[in-house]
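S.K.: Chain by chain, the residues:
Number of protein chains: 4
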Amino acid sequence: MTALQWGGRFGGAADSALLDFGSSLEEDLVLAPFDVTCSLAHVAALESAGVIGSEHAATLRGALHAVDAEIAGGAFTPYARALGAEDVHGAIDARVRELSGGAGEWLHAGRSRNDQVATTLLLYVRERARTARHRAHSIAGAIVARAREELEAGTVMAACTHRQPAQPVLLAFMLAAWSEPFVRAAQRFACVERDAAKYCPLGSGALAGSGLPLDRERAAQALGFAAPSRNALDAIGNRDAALDLAHACVRAVVDASRVAEELVAWSAPAYGYVRLGDAASTGSSLMPQKRNPDPFELVRAHAAKLVGAYAGALATLCGLAPSYQRDLQVTKSQAIAIVEDARATLGAFARAWDAVSFSRERMERAALDGFTIATDLADALVAAGTSPREAHARIGAQVARAEAEGAALDPSFDARASIAAKRTRGSTAPGDVRDQIRSLERELAVVETRP
Amino acid sequence: MTALQWGGRFGGAADSALLDFGSSLEEDLVLAPFDVTCSLAHVAALESAGVIGSEHAATLRGALHAVDAEIAGGAFTPYARALGAEDVHGAIDARVRELSGGAGEWLHAGRSRNDQVATTLLLYVRERARTARHRAHSIAGAIVARAREELEAGTVMAACTHRQPAQPVLLAFMLAAWSEPFVRAAQRFACVERDAAKYCPLGSGALAGSGLPLDRERAAQALGFAAPSRNALDAIGNRDAALDLAHACVRAVVDASRVAEELVAWSAPAYGYVRLGDAASTGSSLMPQKRNPDPFELVRAHAAKLVGAYAGALATLCGLAPSYQRDLQVTKSQAIAIVEDARATLGAFARAWDAVSFSRERMERAALDGFTIATDLADALVAAGTSPREAHARIGAQVARAEAEGAALDPSFDARASIAAKRTRGSTAPGDVRDQIRSLERELAVVETRP
Amino acid sequence: MTALQWGGRFGGAADSALLDFGSSLEEDLVLAPFDVTCSLAHVAALESAGVIGSEHAATLRGALHAVDAEIAGGAFTPYARALGAEDVHGAIDARVRELSGGAGEWLHAGRSRNDQVATTLLLYVRERARTARHRAHSIAGAIVARAREELEAGTVMAACTHRQPAQPVLLAFMLAAWSEPFVRAAQRFACVERDAAKYCPLGSGALAGSGLPLDRERAAQALGFAAPSRNALDAIGNRDAALDLAHACVRAVVDASRVAEELVAWSAPAYGYVRLGDAASTGSSLMPQKRNPDPFELVRAHAAKLVGAYAGALATLCGLAPSYQRDLQVTKSQAIAIVEDARATLGAFARAWDAVSFSRERMERAALDGFTIATDLADALVAAGTSPREAHARIGAQVARAEAEGAALDPSFDARASIAAKRTRGSTAPGDVRDQIRSLERELAVVETRP
Amino acid sequence: MTALQWGGRFGGAADSALLDFGSSLEEDLVLAPFDVTCSLAHVAALESAGVIGSEHAATLRGALHAVDAEIAGGAFTPYARALGAEDVHGAIDARVRELSGGAGEWLHAGRSRNDQVATTLLLYVRERARTARHRAHSIAGAIVARAREELEAGTVMAACTHRQPAQPVLLAFMLAAWSEPFVRAAQRFACVERDAAKYCPLGSGALAGSGLPLDRERAAQALGFAAPSRNALDAIGNRDAALDLAHACVRAVVDASRVAEELVAWSAPAYGYVRLGDAASTGSSLMPQKRNPDPFELVRAHAAKLVGAYAGALATLCGLAPSYQRDLQVTKSQAIAIVEDARATLGAFARAWDAVSFSRERMERAALDGFTIATDLADALVAAGTSPREAHARIGAQVARAEAEGAALDPSFDARASIAAKRTRGSTAPGDVRDQIRSLERELAVVETRP
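Chains as they are written, first to last, in the numbering used here: chain A, 8 to 458; chain B, 8 to 458; chain C, 8 to 458; chain D, 8 to 458.
Honestly, the hints are just simulated from the structure, not real lab data. These numbers come from a predicted model, not from an experiment. Careful: at least some of the hints might be erroneous.
Which copy is meant is left open, because identical chains are indistinguishable; a pair holds if it fits in one copy or across any two.
[Claimed, not checked] EDC-like mimics (lysine to aspartate or glutamate), calculated; alpha carbons at most 20 angstroms apart, straight line: (1) K205 / E450; (2) K205 / D222; (3) K205 / E134; (4) K205 / E448; (5) K205 / D442; (6) K205 / E224; (7) K205 / D361.
Please model the complete structure; the sequences and the hints are all you need to start from.
M.R.: Written out as structure tokens, the structure reads:
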């Protein structure tokens, strides 16, 4: 039984090397369960339209449930590979026909691969957006939990800009800052999730709709969409939700890569702020002493890779005529590859994060390096009436002298005093940081429950 | 008067070639009016905190309004260029000091370039997201208006996939499909607009907050934000809104590039579906007969360029330590460059669209080329009880015969009959298309009014 | 037996999910035979340095040859997967140890994964650059062969710019033009091939060289390199050859995508210039009449994908500290993925090209559409003393009139006359085209034989 | 006088906003002197072909020399901007016509914008490839000079991989490693330079050659090309040399970004290895003590930006039909923008490099941190007969104990001993490093003199 779903007008055989080249099976095996769901809804639409009778419908449902079990059990993947199917949809179609005799011939009635792929992809996007939202949320939560611990411990450190010491802050304040991008990432995923549940393409046919009286409202409802899509031609070529999800994924991994970079830097003995547990460290095949923070380096590199992959996915669409072109298969494969890679990367980040421990002592020891209290001294002058420019210049000169003499700026003023002196909402002052953490905890609790 | 806002601790002079290299002035001149707005809110915060008295505040306000007028009048740009400022913020600061004597020294009290840039950028993003939303909306509207015209005219054509004739459709149906991505683009811009109005970074200082008791709530409110940002360190390095806008812009231009590609194709005599008016056509310096659809080719190329530029902007962030690094200046410049380029590109697309006219006659003449009614014949067999696979194979063989004989498939069945035979919501059947157009018109009317 | 090549200082076990995340096994299985070659040279270097005796050396050689046979026979891949190795190098090391008892412990003496990976990768690059050069060459050859055929047939057509008819040309001239980028692509591959044979990294250790007296000259020679690399630290982190190859691959696929686009366009009935044979065409699951040029659409999309992938590979290096960082594993994987994808894409392009046939009649019929002889008429005026600007304007006006009247420009002047009137070397005049084809044939014959 | 070089067949006026959108003037002003050179060669070709007489030729030469002087003197840019020209070529054409009366009408005889742009661009590429080669060479030279200094000083340090201490090395060895990528970059530029001097497109017309008997050999020779290009259609759309140069530029900046990253890291007090002089440091508008390594951060960010820009340039070509499409204007603009940005970035890198000073004392103090001699201890065991795996495991365990006890690994063995113990060519041993530096100096001297 061939897996090809077309061919009546062709005399010669297709070139098998070209079929292989055109196959997206490997990339879209993850779509298998969603295709089954989509096909079950189509069976209902066919039955409701009177295109197939209840007997055929029952047979098809039985076959689809059997395929679903094969997918879950792991038997389907080797089947599909052995078949040499063009894609996962063709492989499921072939398997259904094997399992259901003549009824199987009716599964594809009034359906094109175009509306089938578009619908299946949306179901996948919805599910992956939901799990990605949970992942972003749990990363934010893990960082905030650490912020709370460090707030209790009162750990102080020098925050940097340009890798140069800037001002003393609480480590809790820094950790709270690190959690924020993941909160925004979770919101981005939630937005994709909502958008992907709006319009159901099923019943759009190849591009013009169908001559069979399919009940699109019913199919949309069965699949959890708010409504059928408005225009068949737009619906079958629309990859916006998949791209939106891919984009949100890339952004979240970029966010993770920034924290990863800091943890790699802080793991160096020069800083010594971080020790990465054995579970997440890697050795060297030659140098016996090595303890390398590989997972965080890989997170960093995956961010760069995914940025390129997303550009590649978008580039397939530049100047591509509207409606379906085969290029969209590559767009789809790229989007899926990005989503799955990001899923693995964020998962690895989360696991490696759990192996991080902070050296409070090393941080505190370095908190005043680099004259980090200079801004406080300038602020004090300003509060006493000196103009900011004048204050900046005077303290700047004082730093130059202190540096030349190897002296401290003002021995009476320490990191904790600097931190406590902050007076604006959102600052590193302990009370403000406590408020931030509480607010984050509240927001994360809300995000948890809603779509 | 130097434009540099720092320097007290430095002995040697900065290398002017390096200062030039580091200047972002050209890229961020578009931020000038937004910096003034931001600075006015900071003056209010300083006054309210008692850092400056009402006299200084009034002087600063006067100077800022004067700068605003210079910006609007065109005098500011040459001033800033002549000054050799590092960026537009430094140039405005310098000009305010020129205009306000000693008071000018106080404008930067309790403020860092970091929170100033972050705030100004958000104000810019909000405004550009709003105008981009309007632009996407008006493009969608212009296409839908044309769809309505063609619906009345009843123009039929062959819709293609893979550039091969697929099925007969109404031109109105195709145009309605073309408008949909712009409706989604407008929603994407609306989303950015809302997000960019949430949190105000002003008062975050360099990264830790300020020792001066600035009223951040008041500043946030004055600038139209819902609230001050939660964490100073996150706020000063957060470029998410600018990236979200850049991304939405790239996507909208990619959408436009797809329609542009079709219009370029259809302008070729081989199709002859489109004639582009003189206003939007270009000739050749050598070939006197040429009439080239350059604006649409450029739209297509700008899409590709912007995809790369967005990848470049994201790549600056991969593995960049959290908090402020100078790299963020390039991120910002890239985001602005993308937004401004997309603005020009979508504007050009809209103008060139107005010069498009369709040749109904050429379209209709080709509507049955390529056996576009084959699906209808197969659907008829299915409706009469033949299985879809069998029907597909039989009509496929019939096509092969007809092609070999140079004959038509079924002379009694024409494009209009095919179109009328569609029975699913969202199809190309005239009644469905009428519904789609009405729905689009309603949705566009709503988008128009809301943020 | 564990596949990890390190661990002495570690107390806790590595997290297996993180090991999975960090594994590059799937991506670098293609390196397996090259690693064996590299390891054989290392055995010789160890023996020559007296680090191992001839018995151990013989045992190791035997084991490596056995592994080589397993790789060729297909048994090695499932072995490596079952092992859960970090990469292919670890898997081969583990298998050698299984096969060679105590001697196996010595294979890695004086070698780090760093110099091993760098060397293996260069061997891979050399081989793939060579086969890619042959591929580019054979594509150019296939196009030139078709050019010669069409030259004999004298096929004429309208060449376009901006998809608008420009001037009549010989199809042979156009095909000759299409072959040129592949000639340049072959040169680019030849350049990579030469560069990748220059310097051998083996013996560089982790980064500082080795304390064992390894004979690097001998190893370099055994592996076909001109010399050992100059600086160990540079050598172990140098991915330039792999990136150069990836880049040459991307460019070649972009070149192919441009021809592919034209073939897709010309396959549309509107042009009808090209018919794609059944072997390379694809049908539709819904529309029985479809004959889609999918392979060429996929080539087009792979170009876009690869452009993004290359950007991703380069982005992993931006701001990456010199020397080895784990990020380089992702750089390597990306480079390999690009090379293998391009290999498949160019192979598919070549196969699909063989299924292309041209409709001379359709081309000739359209050769004068769009007033393509206007330039000739203008040239004639110029030759007779009219200034080019004046001539351009006059013929332009004549075109406008002819278009309005639906008339031809000059019935006495046809496409062949236009073509024959060209008088510059490199033109579309038949004699010039004959020269071009001869020159291409000569150049391709030379490229064939040299590295 | 209009700057448009076409228009005879057009009735309506072009939309000025669309002309603005389509103008590439700003991007291609750098091409101005090269266009003049190209035009002078075209005048010679016209004269030699008898299309124009010696009087017209002399007038045109005079006008072109006058324009050249205006370009050099700065007067041309404001002229071109005021004119609102489509591109620099149109602006020069317009100016020549102003300066030369009727003769000016003849400059464009037998020439299309297509061959003119292709030729001008190659001349630009050649010049920029040459200066980029010199720049890469001088950067390599500056680093090697510093390596020689540090070799004399005998500075030792801990080389890292994964930012973890790996092995002691000479700073001179590390600097020699840093210079190598710039040597390769110079070779890449040399290759572009050679390729760009091969084939001259002038005389290719719009795509088919010219009906005027232009002497292409003479023009090629006059412009320093080896020969006229082979095929007119290929020649006018060929942007390979510009892309090759853009690519070589991107790669060189990526190389620079890696050294820049290290210098940023080493400027942090945690390392203290580098002090950046005042000339290249930047302060903060708020924090008076700051001394930020901005130029190196910007180099890093420009690398990321350029990677994206190159992807964008290539993406404009994906699926673009062969021959000239207007999209190529954006390809060209992007290539130029990349080249000019890279030029500025490498220039800034070179200047900032001169402001770098190394703290030998801080480096030496940290050379043994992280048990960097562990590999030497393991090597010693191997040399004494212990298998490498066993040796690795034993020293690994010893490291774990030493770390727990806060003890050194082997007090009798220091960094210098470790360095001296290396026995492979290319290692960090002082004699090897001396050889490397000598070899680099020789190679750089050669690169200096050849194309």
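S.K.: It remains to establish, for every hint, whether it holds in the given structure.
M.R.: Against the structure, the hints:
1. Taking the shortest Cα distances, K205 and E450 sit within 20 angstroms of each other only across copies (14 angstroms), while inside one copy they are farther apart (25 angstroms).
2. In this assembly of identical chains, the alpha carbons of K205 and D222 lie at most 20 angstroms apart only when taken from the same copy (17 angstroms versus 42 angstroms across copies).
3. Taking the closest pair of Cα atoms, K205 and E134 come within 20 angstroms of each other only inside a single copy of the chain (14 angstroms); across copies the shortest separation is 28 angstroms, beyond that limit.
4. When the C-alpha separation of K205 and E448 is checked against a cutoff of 20 angstroms, the pair qualifies only between copies, where the shortest distance is 19 angstroms, while the shortest distance within a copy is 30 angstroms.
5. Taking the shortest alpha-carbon separations for K205 and D442, only the inter-copy value of 18 angstroms comes in at or below 20 angstroms, while the best intra-copy value is 37 angstroms.
6. In this assembly of identical chains, the alpha carbons of K205 and E224 lie at most 20 angstroms apart only when taken from the same copy (12 angstroms versus 37 angstroms across copies).
7. Taking the shortest Cα distances, K205 and D361 never come within 20 angstroms of each other, neither inside one copy (37 angstroms) nor across copies (32 angstroms).
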